[in-house]
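Undergrad: Read off the chains here:
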Amino acid sequence: MADEVVILGGGVGGTIVANLIAKESNGRAHVTVVDSSGIHVYQPGFLYVAVGLENPAALHRPESRLLRRDVNLVIDRATRVDPAEHTVFMEWGRPLRYDQLVLATGSRTMLQEVPGGQEAHDFYTMEGAKRLFKALRSFQRGTIVIGVAGIPYKCPPAPVEFAFLLDDYLRSRGIRGHTQIKLLSPLNRAFTIEATSKLVQPILAERDIELTGFFNVESVDTVAQTVTSLEGETVGYDLLVLVPPHRGQQVIEDSGLGDDRGWVPVDKNTLKHTRFEHIWAIGDTTDIPISKSGSVAHYEATVAAAEIVATVKGEEPPAHVYDGKVMCFLETGQGKATTIQFDYDHPPVSPTPARRWHWAKALFNKTYWHTVPQGRLP
Amino acid sequence: MSITIATSLDLKGLSCPLPIIKTAKAMKGLAPGELLEAFATDPGSVSDFKAWAQTTGNPLVESGEEGGVFHFVLKKKEM
Chain A
1 MADEVVILGG GVGGTIVANL IAKESNGRAH VTVVDSSGIH VYQPGFLYVA
51 VGLENPAALH RPESRLLRRD VNLVIDRATR VDPAEHTVFM EWGRPLRYDQ
101 LVLATGSRTM LQEVPGGQEA HDFYTMEGAK RLFKALRSFQ RGTIVIGVAG
151 IPYKCPPAPV EFAFLLDDYL RSRGIRGHTQ IKLLSPLNRA FTIEATSKLV
201 QPILAERDIE LTGFFNVESV DTVAQTVTSL EGETVGYDLL VLVPPHRGQQ
251 VIEDSGLGDD RGWVPVDKNT LKHTRFEHIW AIGDTTDIPI SKSGSVAHYE
301 ATVAAAEIVA TVKGEEPPAH VYDGKVMCFL ETGQGKATTI QFDYDHPPVS
351 PTPARRWHWA KALFNKTYWH TVPQGRLP
Chain B
379 MSITIATSLD LKGLSCPLPI IKTAKAMKGL APGELLEAFA TDPGSVSDFK
429 AWAQTTGNPL VESGEEGGVF HFVLKKKEM
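The listed protein sequences derive, respectively, from chains A and B. Read left to right, the first sequence gives residues 1 to 378 (the working numbering). Read left to right, the second sequence gives residues 379 to 457 (the working numbering).
Chain B extracted, bound-state conformation:
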């Protein structure tokens, strides 16, 4: 199954807590099951995205780092 990303966010250069707040805003506009990807450079975003996903129930389906850029894929939870 191919994965389609509904929204992509470039959060590079932003510092805590802006990446997670911009992500929360963008997630609001997604339909259940849709995916959002985000790219950030703030190292604090790794723990913030993980905790945000756990707290809000929107699963963090992918995360990783390449050349100092962290990427995350979140799935909008079913209602």
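The shape of chain A in the complex, shown without the other chains:
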């Protein structure tokens, strides 16, 4: 009899895992994906929606069209997992029993956790990105502040990329001379990765983007239009863009499967839950101190899939484990970009920003739908 493999979450990680297990298990696994919306969203595109470079409609497709025909899709919200009973409970439908479970539920953004932060703009949700672009279109003069209100957050270079794309956008409208861009960073550099920060900081200065270090956003005063840091500094704004605090999904917290922020503790190589058997977690969902990004979800998905395929076939676990590989593009504006690559054993390296990396990112964004979810890229 085939093993029941249940995957919570139809994002990049969950979709790859589902397709790879269905393809490789020779009928030894019956694969079900549970997703609350049934719509697959390409989140890296939000950044471009926020500055009017991407059409929101191009960023989502029905999940059913990205899954193999032999993968079952349940459009419902998983409300609780009972690891002792190997059961997932649903909001509407009947409970699902599993032999192997993959948590690929990702993260959610919590602007409401920042006092006064509810009205701030963000580009971490489709709604946020659309609303931000609407505000930018009517922006004429003043100070735009970009701040970080919680660690960890998705795509560590995103605030820097947004600053560069915003600079391009304001220049294209001929209003850059009447506007200031201030980037507030939690550290004394552009973002966590030192080598890449060194590369982009001179470009920030060149574009007249003011970088303020050690500014961890704590609260917002919407009347005075100021943002205050944990460190006690206050900065005024006309338009505020915040990277919201992130946390794991409600189902993780309600099932006691994660830590106090809902991140799931897993072995950093095998991605198996540290406390419960037959449960894996991938992508943003985990507590691994590594970038929360699509590339990580992608690489981890291939590892989790291989392990589950070996399990359902009764074979030895595969030799290949997750090595901490991360690959990101970083737009530096004016049609150029760089990349960031590293793993557990190799520090990050970034080439000099060039047009070819911008085009590589654009190509990846376009071809994503036909390659990544199907597991066609390694």
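Mixed in with the good hints there might be a few duds.
Unchecked claim - Once the Cα atoms are required to be at most 30 Å apart in a straight line, the calculated DSSO-like pairs of lysine-lysine come out as: (1) A:325 / B:400; (2) A:182 / B:455; (3) A:198 / B:400.
If you're looking for bench data, these hints aren't it; they were derived computationally from the structure.
Please build the complex by placing chain B on the supplied structure of chain A, with the hints as guidance.
TA: Relative to the frame of chain A, chain B by itself:
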């Protein structure tokens, strides 16, 4: 004069930038002149603590390393 530590933080195993952010949060709760000690294993924390102290004006009164664990003592600045 004996030194009394008001708060002690175990930041071992956390990676950049969490150690410095957790420290910034904890420092907020201290009264001027009080000391905070922190233990971290992320090598990047050495330069981060030094730079954070310089930037925020809260002096780094002690720092060192023993067996792969870095320790720091910060003093909350006078208002």
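Undergrad: For each hint, tell me whether it holds in the structure or not.
TA: Right, here's what the structure says about each hint:
| no. | hint | verdict |
| --- | --- | --- |
| 1 | A:325 / B:400 | holds, 26 Å |
| 2 | A:182 / B:455 | holds, 26 Å |
| 3 | A:198 / B:400 | holds, 24 Å |
Comparing the model with each numbered hint stated earlier shows that all of them hold.
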